[in-house]
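Participant: Listed below, chain by chain, are the residues.
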Amino acid sequence: MLKKNNMHMKALGKLGLLVIIFGWVVFAKAQDCYYFHEYQCKFPDNTYYLNGQSRSALFTYGMTSQFKMVTFGGEDYHISICYQFKIKNVRFRLIEDNEDKTVLFDNAENKYVTEVSFSNNVARRIIIEISVPDEPTAKDRGVPQCVGVLIHSRKTYQEPKNKLGF
Amino acid sequence: MANGCNNTTGKQEAAQGGQNDTIAVQQEKKFQSVYYRFPTPNEVFSFIKSEKLAFDPSLINPVSNVSKYLDSKSQTIALGVYIADLAYITIFESYNNSLAYYKTIHNLSEKVRITSAYDLEVAKRIERNLQNLDSLKNISVESYSSMVEFLIMNNRETTLALIASGAYIECFYIAFNLAGKYSPSNPLIVKIIDLKYAFDNLYSYLEIYSDNQQVKEVAQQLKPLKSLFDQIREDKSSKTRVKQDKNGHLIFEGGTKLQIDEKVYNEIRNAVFSLRQKFI
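Line by line, the protein sequences give chains A and B.
So for the first sequence, the working numbering puts the first residue at 1112; every next one is plus one.
So for the second sequence, the working numbering puts the first residue at 17; every next one is plus one.
All the given hints hold, so there is nothing to weed out.
According to the in silico footprint, chain B covers these stretches of chain A (three or more CB under 8 Å from chain B):
hint, region
1, 1152-1166
2, 1178-1184
3, 1213-1222
4, 1226-1233
Since the hints were made in silico from the structure, they are not lab data.
As the structure is a prediction and not an experimental result, all values here were calculated from the model.
Don't be surprised by glycine CBs; every beta carbon is placed ideally from N, CA and C.
Pulled out of the complex, with its shape left as it was, chain B reads as follows (with noise of 0.2 Å):
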């Protein structure tokens, strides 16, 4: 999942000097720009998958729900809901289900004018390698990247945004739904802790982007949440250490680790329910 944010500084320092060369450069030099990157649906289930846990249909947003939504903030956030219901289908093998939420994608997608992502010649591909594990995983993140890309290059940065939106509260909802119950060993209640960078990432964006009516509307609904996941504790008492591998592969150990009790785990699980309830 991608977004980008350009620190326009550089660029009006630009504008406002090169009466020479040596201060044209120099502004040059200042010009920064800060893009923020998140991973993916498909990046985040496959984080979050273990042989333990097993595919649950009641969990995603039934295909019917599709006639729902009729403007066009509701239709993008929606299909980013979908889109991250079909990264838990291929991730979590549950290949029937892949086709129609393909095509309930192509649908949506079709609404809010993205033509060059999850086109119905995919949809062909799909049924043809339902029984095909990696070809239908790839087809999957094939078709969001191809998405993501279309949004950046036509500057439809809102739109991902709102899309990016959906599709992270469904993956939080999913995934504290195959959490449970708070316990502090729970392994897959660590790595949902983990998920709070991808969200303040996701976050960032939206504020960045928030000049637009939608995507302002979409970031105050989410605040509530972002203040929750700011509650999760930073144990910083470890530093960062980078070690080598004789093949020269780099080893990142040490460094913060997010703990939550059991307090803001609920509250966190609670706001994704209620935000998954509007959403939906």
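Chain A with its partners taken away, still in its complex shape (with noise of 0.2 Å):
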């Protein structure tokens, strides 16, 4: 009887589990990342504002997205991402949409880091792209989690012209 009891108990116990699991990803899949970036990702100093260009999407291990963003001569942007995943490993990189596809930045290259900032001289297509590896041992394989893309700007500062006396 008492062994009877322990094995209800086990599969209620799963079930229990399962539940939790598939409530995650439901919720997971739910919440579609509302804010996210805006919640999560590191922001700068207040001399930037905040760039509507910011998103935040669902992603898996293994899974690459790009978006393609636009920006201005004569301004700096700062791009912060933030992540759900328990990986310390989520590339990003900052390429420039032309022939070349030229590598503007690889946080790869710099220790994963999670911002960057820049200035730019002349107008760019710039595309985002975010690399969550693949984790096949990880227990939230399968289950999408937000990553952000946080993006500020501001006018690039100019020095001001030296002029002799007043």
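Reconstruct the complex from the two isolated chains, following the hints.
Facilitator: This is the structure we're talking about:
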């Protein structure tokens, strides 16, 4: 009788676990990462303004996704990424959207930092590419999780031209 | 301003395959999606603003015109037009106009069933902040941003496409009026040319969602303007260089420079004015 109860308890435990995992998946999908970037990504100092090209999206392990943004000449940009994945090596690259596909920045060459700032002398189309590495043994593999890209911009500070006298 | 496009090839492959883990992982790696983003009207006006440019009330669409927009397509496009006008008002600091335009945007957004942004509580904040320039700019940016999030999260990218089209034509209309006649040394004209890339991304977005009839019609209306923007010359003589300063801040130098002659400038200007006439 006791053994039977134990089996029932184990079955219920497994069912509970399944419900939790299922609920987590549903929640992750349902939340759609609403404003994730604004809540989770690192902000620059207050000389920058929030840029409307910021975005969050759902990713899974082993997935790469890109978005194309526009930058203006004479402006500085600060881009930070944030993610729910428990790993630390989510890759993000800035690639100029030209014929050469010039790689402007790759965080894999910079200890997987999650933020970068740059000045821009001419208008450019830039591809922001996010790659979440595959983790075959990850417990949350297959569960969509949020990745945010927070963009800020400001006008590039121009040093006043040196003039003699007042 | 935002939009997205899912390339579903990877998803389809994953659905068809998945017989074993190895294949599934390989297919997952192949998954690629491309999303298009473009600057908001506030960012466009911040970019073109200079101390020499003054606010010109004759350039914005009068709020009294709002009664003219009767069907959903014209209301949605007009919403974009008024959003661009509010951005121009706030960036160029003509705050006496801000409340009337905000309320007009609120009314139109209710008509096109966008309820989460531009609400009347925010209108009250505007009334309280009429003398606070930064607060009003923030309100304008926040409202736009929450509208974009609302539309994307509710799978209403087609509505966003129409709003963005109206907003961009209004931005161009105001910018070309502020720039006036062609002069190669006019710094504002140099900035207007740089908006080509933003327009390109907007147009790509319209094409993605052109299975919707209203978006298709607007894309067809904008197609001649796209062809004209494509005539802007690209000087590719300088390669992009990346430098880094002592604080780790990157500096992107060189790269393609856009150049325009008087003929193309005037043709783009005329096309924008004609489209704006149709939109309002």
